[in-house]
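Visitor: Chain by chain, the residues run as shown.
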Amino acid sequence: MTQEIDVSVVNLTKRWGNLTAVNNVSFDVPKGSFFSVLGPSASGKTTVLRMIAGFETPTAGDMFIGGQRINDVPANKRPCNLVFQRLALFPMMNVLDNVTFGLRRRGGISKAEMERMANDVLARVDLKGLNKRKISQLSGGQQQRVALARSLVLDPTVLLLDEPLSALDLKLRQDMKLELKRLQARMGTTFMYITHDQTIALAMSDTVAVINFGKLEQVASPDILYREPATHFVASFVGENNRLNHGRVVKLIDDQTCQVEIGGLLSVARIGEELAPGDDIDLFIRPEMIHLQLGKQASGIVGQIKEINFDGAHSLVVVQLTESAIPLSINVKFQHTEQAPAIAVNDTVTLSWGRAAANAFRHIEPPTEGKE
Amino acid sequence: MSAKLKKSGRLWLVLIPYLLWIGVLFVIPHIKLFGLSFVDHRSGELTLGNYAKFFGSDLYRRVFWRTALYAIFTTILTLLIAFPTAFIITKILGKKMKAILLLSIVLPYWISELIRAFAWMVLMRETGVISYLLQAVGITSHNIEFLYRNGTIVIGLVYTSMLFMIIPIINSLDSLDDSLIEAAYDLGGNFWSTMREVIIPHAGPGIMVGSTMVFMLNLGNYVTVTLLGGKNSLWFTENIYNQFIVRFNQNQGAAFGVILLTFSVLLVWITLKITKQDMAEAM
Amino acid sequence: MKRRFFMIMMLVVFSLALVSCGSNEPAAPEAAAPAADAPAEEAAAPEEAAPESGGVLRMLTWEGYAPEELVNKFTEETGIDVEISYIGDNNELIAKMAATKGVGYDLVSPTLSYVATAQADQGIYQPIDLSKVNTDQINESLDAILEGSTYEGKPYAIPFVWGTTAMIVNTEKAPDAGESYLDLCDPQYEGRISYRSKYDTLYMFAYALGLDPAEAVKDEAAYRDVMDQVLDKLVECKPYVRVYWDSRQQIEDLLKKEEVWVASSWDASAWSMSLEDPKFKYVVPKEGAVGWYDTLAISAGAENVDAAYQWINFILAPENAAVIVNQTGYQTASAGAADAASPELAALVAESLPPEKMASINWYFPKPDYATDIEADVEEQLKAAQ
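Read top to bottom, the protein sequences are chains W, X and G. In terms of numbering that gives the first Met the number 0, the first sequence opens at residue 0 and continues consecutively. In terms of numbering that gives the first Met the number 0, the second sequence opens at residue 0 and continues consecutively. In terms of numbering that gives the first Met the number 0, the third sequence opens at residue 0 and continues consecutively.
Don't take each hint at face value.
List of simulated lysine to aspartate or glutamate pairs, EDC-like, C-alpha gap at most 16 Å [what the hints assert, rightly or not]: (1) W/76 - X/181; (2) G/280 - G/189; (3) G/255 - G/275; (4) W/133 - W/168; (5) X/97 - X/173; (6) G/172 - G/189; (7) X/52 - G/376; (8) W/131 - W/96; (9) W/332 - W/272; (10) X/230 - G/235; (11) W/30 - W/205; (12) W/250 - W/272; (13) G/256 - X/144; (14) X/230 - X/173; (15) X/275 - X/196; (16) X/230 - G/189; (17) X/230 - G/258; (18) W/176 - W/96; (19) G/285 - G/376; (20) X/230 - G/245; (21) X/94 - X/181.
Here are a few chain X residues that face chain W, going by a calculated C-beta distance under 10 Å [to be verified]: (22) 83; (23) 84; (24) 177.
According to the in silico footprint, chain X covers these stretches of chain G (three or more CB under 8 Å from chain X) [as the list claims (entries may be wrong)]: (25) 91-98; (26) 240-249.
It is worth saying that the hints were derived from the structure and are not from the lab. Predicted model, so just to flag it, every value in this text is computed and none were measured. Heads up, the beta-carbon is just placed ideally off N, CA and C, and yes, glycines get one too.
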C-alpha cells in the first residue's frame, strides 16, 4: 500500500560558510500523520523546519508539499503554516484579529464569513468567547491555542510546530501534549513537530525522525525507535539507557544477535549495526528491562545494591557489578509489584536480561567535558 | 522595599531630586513666563494686549503658521527617512554593520549644531562642494547656489533632528520580536500588510516619541534656520528672541512663548488622540 | 505625618526656586562681605586697606577690545586679574546689565548712542569721576562724548574706540559701485549684494533716500514714517540681495569667495580685506558713512571701581591703544595712538576717510525705546517679506 505523502524532503542541505547545519537529509511525511523531528539543541532540526516554512533557503536539495516543489515559492505563498516557539502572536491585536490575520490576507472573504471561520476554529481549540481579549490578558495555555487557531483557520496542508510547548510549565505541557494529539487526530491535518523533548516526540508522534549534527539518524515509529535504535546516537539519546563502554564482540549468534564480553562478563545483545567478532563496542541496556533477583543465582550477573532511589511505582536501583574485572555499575528500574522481593542497600543481587534489553553499537568516544 | 518607603512617608525623600528638577527647571520658569505674558510691558498692569498683539498682527500670525507648517512638514519628512533607516539598522543588518551605522548616525551630533550648519553651508554654497562636483561631472557649466532657500532649511532641519527620530524608533523596533514579522509572512502577509498591521503599530510609541521630539526641536530651532535660510528665513523663535533681546519686551516675548508652547502641546495631544496612543505609554 | 512632610518638601522646593531666581540679583557676597562682617573677619582687612592693588576687574566688552597682550600687561602692572565676557550687540549688553542692575560687571563698552538712554531706562551705570581719568591722553573727541553721554547733568562715558560703516566693493567685479548706498539696490548686481538687516542698514538707506533719521527719531510718528519709507525701499531691493549678513566672518568669507561683490561693511573689516587683497576697497558714498563711537562706562553695580579707572587710564595710553588699532583696525580716542599705528593701515584710513568724509559722518544718534521697537518692526517685516 502506498501512502499519500504530504511533505517530502530530498537531500536537503544547508551550509553557512564552513558550518553544515543540515546535511543531506531526506524523509517523507505521510498525509494526516503526526510527524516529529527530534534532536538535541543545535542539531539542525529548526533549520529543516525554517527551510520548509520558507525562512531559509536550502543550499541544496528539494522540498515538496502535496507533490508540489516549493523551493521557489515565497514563504507567504506556501501551503504550510508555522506555530512559532515563542508563539509570535500579534500583541497589538485582539484574539479575533490574530486569528483572522491570514484570512484577511487572502481577500475575497466577507467579514462575517471570516468571523464565522475564526469562531469555528476557536471552538475547536476550546477558546470560545474570548474574541475581544488582548493577547496579554490570556494565560499561557490560551495563547498556545490562539497560535494554533491562527494557523489552523487557514487549513494548511501541513502545520509546522517549532517546540511551541517548551514555554509552558510542566503540568500545562503534559495537558497540552495530549490535547495537541487529540486535536491533530480530530482535524486530520498533517503535523510536523520539532522538539528536543523525546517524551513529547514519543508520546504524540506516528513517526519520529531523529536528527543529530545535521544528519538524519533514524526515521521510525516511536516503538521501533525505542526498541530497535538504528544508530549509536539514537540508542543513547532516546529513552533511558545504561551505557557500558568498551565491550568486545565475542561471537555472532544469528544475524540480529551477538554475544559480547565486558569486564569479563558475558551478555547477549541485539546487533545495532553491522558487527564482527572482536569489534570494540558500547553496550546499551534498558534499565526497565533488567530482571533483578535477590541473592546469588545460578545464571546472571552478580552485584551489590549501592543506592535505592524510591519513586512511587518503581525505584531506580544502582547495582555495582561485583564480578566484573573493571568497575561497572548498572541502573535498574525496579517495579514494586506484589511479587517483588524486598530489597535493601548492600543486598547481593543477580541481574539478568534478554536480547531485547541490550543493544550493541561500535564504540564511540563519549563527548568530552563542556561539549554537548 | 518600596512599599516600606511608601508607608513611612519617606518616599518623598527619594523624590526630592526629581521634584527639584521639575520644579526649578520646568514648573517655576513656566509659571513665571505665563504670568509675565499677561503684564503690560510699559505700565506693568494686567492685560491681554500681548496676546491681542499676536492675533492682531498679520506678520506674526503668518510667521507662526509658516514655522508650524515647516516644523510639521520636516517632522513628517524626517519620519519618512528615519523609519526605513531604523528598520534596516535593526531588522536587516548584521550586528557589526548595525554598530557602524549607529555610530555614523550619532557621530555628527558630537559637534555643535552651529558647526553642522556651517558644514552644510560649505557643501551647498555657490562656490561649495556640490556645485563644484556638478560642474566636474559636467551636469552644469556654472556655479549653482543651493543655500538660502526654503528647501535648504528643510534639509538642515531634517539633518539636525534625524537622530532624535531614529533612536526612539530603533528602540521600539529592537523590542519587536523578529518572529512576529515572520509570522505575518507565514500567514500570507506581504511587505505592506506586515508593515501596516504589525511593524508600524508596534513601533507606534517610538514614532510618537521621535516625532514629538523632532517637532519640538524644529519649532524651536534658531541656528540652523537662520544660517541656512538666509534672507527669507524668518522663524517664530526669531520673533521671540527679538522681543527679549532687541526690544526688551519680555512680556510680549513671554506671550509668544506661551502661544508656541500651547500650540505644540495641543498638536501632540491631538496626534496622540488620532493615533489612539496614551501619553504615558508613548513616553 | 505624611502631610507635614509634604509641606516641608514644598517649602524646600520653593525656597530653592527663590534662590535660583534671586541669583539674578546681588550674587557675589564674597566681595561685598567686608563691611558687614568686619569686626569678626580680620581676613577681609587687606582688601579695604589697599583697594588699588589686587582684586578682580570684570569687563563686558566686544571681541578685540581687550587683547590678551594688554590684559597680561595690565595684570603685571597693577596686580589686578581681569575677567572678560563678550557681547555681540548693544542690546545684549543692556539686557545683561539690566538683569542685575550691573552687578557682576565693573566696566563695560557700550556704543555712545546707547549710554544715556539706557541710563534713563535702566540706571545701569554710574557717573564718571573725571578727576580719576587721565584726560591728557584723550583726543579732542572727549568733550563731545562726555556731552553725548550726559544724563541729568552727569557724564556716564569716556570715549574709547570708534569706527564707521559704509560699503565694501570688489573693484574687479563692480568697479562702478560705491557712489551711493542705492548701489546696494542696483539690479545689475542682482544676487551679489549683501548687508545686515539691522539698524545701520536702515540708517544708510534713510540717508540715501534723503531722510534724516537723527532728527525724526525725536518723534515717534515721524520716525515710524521714515522707517516705513526705508522698509518699502528695502523690500523693493530684497530680490537683489544674496543674504543679510550676520557676522564679520560671514561677510568677509562671501566677499573672498566672490559670491558677493557689493556689501555694507565695517571699516576695520574692509581695511583688513584691502591689506590682504587690494581689489577690495572701503568706499564711503556721497551720503556719508554711518559712525559709531564705543565708550567705556562704569557699572552701577561695580565692585571694583578703582580697577575700572585704572583700566581706563591704561587702555587709552597711546602705546596700548596702538595695539588695539593694529590688531582690529579700529580708531581709538587715544591722542597719538594713530601715530603708533602701522603705516599701511594709516594710508588706507587716510584714503577712505579724508577730512571731508570725516566731516560727513552720520553719527549714531541716541534712541528712545520706541525707536528700537520701530527698527525691530522693520527688520521683522523685511525678513518676512516674500
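Visitor: Work down the list of hints and note, for each, if the structure agrees.
Guide: Hints and how they fare:
1. A threshold of 16 Å between alpha carbons decides the hint, and for residue 76 of chain W with residue 181 of chain X the separation of about 13 Å falls inside it, so the pair holds.
2. Proposed proximity of residue 280 of chain G and residue 189 of chain G is contradicted: the alpha carbons are some 20 Å apart, above 16 Å.
3. Our distance criterion of 16 Å between C-alpha atoms is met by residue 255 of chain G and residue 275 of chain G, whose separation comes to about 10 Å.
4. Of the supplied pair hints, the one linking residue 133 of chain W and residue 168 of chain W is violated, its CA atoms being roughly 22 Å apart against a limit of 16 Å.
5. For the proposed pair residue 97 of chain X and residue 173 of chain X, the alpha carbon gap of about 12 Å is at most 16 Å, so the pair holds.
6. As the CA atoms of residue 172 of chain G and residue 189 of chain G are separated by approximately 12 Å, the hinted pair is consistent with the 16 Å bound.
7. Among the hinted pairs, residue 52 of chain X with residue 376 of chain G is consistent with the structure: their alpha-carbon atoms are about 13 Å apart, no more than 16 Å.
8. Distance hint between residue 131 of chain W and residue 96 of chain W is fulfilled; the C-alpha atoms sit about 9 Å from each other, no more than 16 Å.
9. A hinted pair counts as satisfied when its Cα atoms are at most 16 Å apart, and residue 332 of chain W with residue 272 of chain W does not qualify at roughly 26 Å.
10. Taking the CA atoms of residue 230 of chain X and residue 235 of chain G, the gap is near 13 Å; set against the 16 Å cutoff, the hint holds.
11. For the hint pairing residue 30 of chain W with residue 205 of chain W, the CA-to-CA distance comes to about 11 Å; that is within 16 Å, so the pair holds.
12. With a CA separation close to 14 Å, the supplied pair residue 250 of chain W and residue 272 of chain W stays within the 16 Å bound.
13. Distance restraint check for residue 256 of chain G and residue 144 of chain X: the Cα-Cα separation of roughly 13 Å lies within the 16 Å cut-off, and the hinted pair is therefore satisfied.
14. At most 16 Å may separate the alpha-carbon atoms for a hinted pair to count; residue 230 of chain X and residue 173 of chain X exceed this at roughly 43 Å.
15. Annotation: proposed proximity of residue 275 of chain X to residue 196 of chain X holds, straight-line Cα distance about 15 Å (limit 16 Å).
16. Taking the CA atoms of residue 230 of chain X and residue 189 of chain G, the gap is about 14 Å. The hint holds against a cut of 16 Å.
17. Using a Cα cut-off of 16 Å, the hinted pair residue 230 of chain X and residue 258 of chain G holds, with the two alpha carbons roughly 15 Å apart.
18. The hinted pair formed by residue 176 of chain W and residue 96 of chain W fails the criterion: a straight-line CA distance of about 26 Å is larger than 16 Å.
19. The suggested pairing of residue 285 of chain G with residue 376 of chain G is violated, with an alpha-carbon distance near 28 Å, which exceeds 16 Å.
20. The suggested pairing of residue 230 of chain X with residue 245 of chain G holds, with an alpha-carbon distance near 11 Å, which does not exceed 16 Å.
21. The suggested pairing of residue 94 of chain X with residue 181 of chain X is violated, with an alpha-carbon distance near 19 Å, which exceeds 16 Å.
22. Nearest Cβ of chain W to the Cβ of residue 83 of chain X: about 20 Å, over the 10 Å cut. The hint is violated.
23. The beta carbon of residue 84 of chain X comes no nearer than 22 Å to any beta carbon in chain W, farther than 10 Å, and the hint placing it at the interface is violated.
24. Proximity of residue 177 of chain X to chain W holds as hinted, the smallest CB-CB distance being about 9 Å (cut-off 10 Å).
25. Interface restraint, the stretch 91-98 of chain G with chain X: holds (4 residues with C-beta to C-beta distance below 8 Å; minimum three).
26. Coverage of the stretch 240-249 of chain G by chain X holds [criterion: at least 3 residues with CB-CB distance below 8 Å; count 5].
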